Amino acid sequence: MTGSVHAPTRCAIVPPYLLVRLARLDDPRFAAAAEAARQSLLRDSPLRTHREVAHPPHRPEVRGGGPARVPGRIDRSVSDAAGLERLPGRLVRSEGHPPVPDVTVQEAWDGLGSTHDLFWSRFHRDSVDGRGLSLDATVHYGRNYDNAFWDGERMVFGDGDGQVFNRFTASLTVIGHELTHGVTQFTANLTYQGQSGAVNESMSDVFGSLVEQHARGQSTAEAGWLIGEGLFTDQVQGVALRSMKAPGTAYNDDVLGRDPQPDSMAGYVETEDDNGGVHLNSGIPNRAFYLVAEALGGNAWEAPGQIWYDTLTSGTLGSAVTFAAFARATARAAVKRFGIGSEQHRAVVAAWTTVGLGSGLAAGLGTGRPGGTKLPEAQRPEAQRPEQQRPEQQRSE
Amino acid sequence: MKVVVSRSGGIAGIRTTWEVDVDAQPDAADWAELITALPWAEVSARAPEPDRFVYRIRCAPNEVVLAEPQVCGPWKELVDRVKASRRAESGPGPRPAGPRRSPDSPLGGFGADSQPPG
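The listed protein sequences correspond, in order, to chains F and E. Residue numbers for the first sequence follow the working numbering, so the first one is 1 and each next one is one higher. Residue numbers for the second sequence follow the working numbering, so the first one is 1001 and each next one is one higher.
Chain E with its partners taken away, still in its complex shape (with noise of 0.2 Å):
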């Protein structure tokens, strides 16, 4: 089981993805178990803001968006967990708080389903 969490907007519009195999951690079970139990059918939508990060978060089948604001009690949890982890995977380095490519995008940190410019 993955879990992907994607964060776009932002004034710099940058989108940052973190993702992490739970099966592959060593506490996997406490992940599966924040995982179900997270309101994903209650998500409702909201008005933009400017300038605020947008999050996707993904974990199939589910996948909810959620403004900035939204991401408090266990949204918030499982959002600072992904961070963390992606961040203690990537060992030491130039920047490893820094953003990653997504492994699952051709254009690497930006949105799978953008266009290169011109």
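Here chain F stands alone, though its shape is the one from the complex (with noise of 0.2 Å):
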């Protein structure tokens, strides 16, 4: 157990921002490190709430005598529903405290921990409401339970049936997912239906994957790039639920048909089931996503998250967005950034182009060439010079 391992607490050597970065780490190298710091930052807290009452007008953060924030600071829960579909269940882990033997409670309570890492250290956001909304999960929910969800406020995993599906929680790229739908809802706010909802969809997807990979060090190259790899049994053949490289190809199997993704828009699906093809569709704008990181090469959270993570939070996306509107807006995203006519911006054309949904976007690079030249220095317009934009820490809802 690597709750017996004692940092030091009372004696301020390791400063606060250092022992929440070491809180934050998911490498099973610094597990003990870690849950020292953890449990250092817990039994820390009274002394500084002390200190703070102490001294309020030194610490404009505080309000109302309670303790102050860390900014990027996670705060986990897990919760165990113990088979029922009642949420939120009985509480099995909260910040703090030491590992559980229960695998899905520490799965969920990991994926949590590596979802939070990617949004605060890459993308300055805390949390999936920007503001270090506590994250909680249930595990355990209902009875054969074959799904995961974001109901608004906490992520809900099931067992599955254990004949097509694990248990939900045996898949990184799923927490992530689920959490991401959190951050969607607190951004774009993208309605659930349709191409939006495709989109909304997508975004879970690419994020999702985005936090496997960020956890694993992994780069675009050497990434699987599915979605949900391992959540079938091995009585079903597929791999994952979905591929983000090769929509369409994660499993083929005799009961539960084949993979229905489409991977460009020529392949379109029009339906009224799964809110309009949510879950199908998405494969489009996933694959423009995977492009996208395939040119630019190195690591998909650097330049081709960044672009996604600033179309999602540039408050200009419509709640009911359609696939070419964000196509125009991550290629907008990619000018602010990056400048027109770079190589992410010409990386991100090429891949909406591939899928279909490259009308209107190319007049951006000046040339209409595919590697179109970069406008000189002088010709670009002030507000898009990539040095001055910064990363947007959130919005304001």
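There are no misleading hints in this set.
Part of the chain F face toward chain E, derived, beta carbon under 7 Å: (1) Asn147; (2) Ala148; (3) Phe149; (4) Trp150; (5) His181; (6) Tyr192; (7) Gln193; (8) Leu241; (9) Asp273; (10) Asp274; (11) Asn275; (12) His279.
Since the hints were derived computationally from the structure, they do not count as laboratory data. The structure displayed is predicted, hence computed values, not measured ones. Note that CB positions come from ideal geometry on N, CA and C, so glycine has one too.
Two independent chains are provided; combine them into the complex using the hints.
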């Protein structure tokens, strides 16, 4: 048990920001240090509260005498529904407390940590709402429940039926997917129907995949780009729920049928089911993101993830956005951060063109040629200079 | 009389259909009573929620679409009964509880109005 490891606590050898950073580490090599740091933060808080009460005028972030929240400090809880369909269930672990033997609880716990880490360390987003909202999960929801979802406040995981599906905490991409629904809810709030619903789904797949890649330290070339790898039992002919790299190839099973995701607008699915095929047509923007990452190489959470994050949090996406409008918004985000005609901008335009949504996008490149030349600095609008762009912290809702 | 329950959505986005021929059931009268008592006309639209299931329930001439949280009371009774009945009919097999291909769908377990990708 890592909880028995003690780090310096009362004596402030380790500064709070470093404790926060240590506490967020998910690398197993640092598990003991991370847990000790979490314990330390927990034990420290009453002391800090005491100091704040003693000197309230010097701590403007303290309101009402409560403890100051450390930005970026994770606050998790996992509850156990024990096979019922009632939320939240019984609290089995909260922040600062040692692990419990249940592997499902541990997977949910670690997944919340990895997701929080991606958003905070890469995009300076403090939890799903940008204001340090506690991350709460419920596991063992229902009996043989074949699903996981975000209910607007918490993530909920079923155990699967054991015949088609394993437990839904088994894939980190699923945990990242659900929490990203929370991020979308607090930002662009994309309507979960039709094309805007498919963009909402795709955002969850994109950042769900990035959470896993970031936690594993995988580059675009090394990553599998699968959503829900390992969720199917070995009785199913399939590797995952979806493939972002090659939509439509994740499974082909005699009972489940074939993965129905289209990989371009040519295969766009018109259906009334699944809120207008939100989990089907998401294959199109999913592949566009993959193609951007493939073109740029390196780590997908860097430029590609930043462009998609900027788009989601720009405040300019309509809640009923279409694929075409979303494509234009990503191109604008690429221009704003990296400049018109930049390698990143060209990659975005090329990706959308490949999936059948390039109409009108290339105009922004000036030359209209693939790989169009970069405009001289003097011709670039002031507002589009990348050095002036700072990551958006959060929108005030 | 046939009752068809089709579940779509969920994080997997996999459509599953269960179908029961009510007249062929030993307790056909119970089924008929349950089905006629359902509040078919009282279902209101509800804003979709991420990754929740969507249920489409058909029993000619009625058809409703229910969000997962709306499947409660008599609707839940019907859905559970259809699922259990379908499972019982399938008999022993490698995956008796698994989703079945819908007999009325050219694409197996997926939407009849879906197009194959590509």
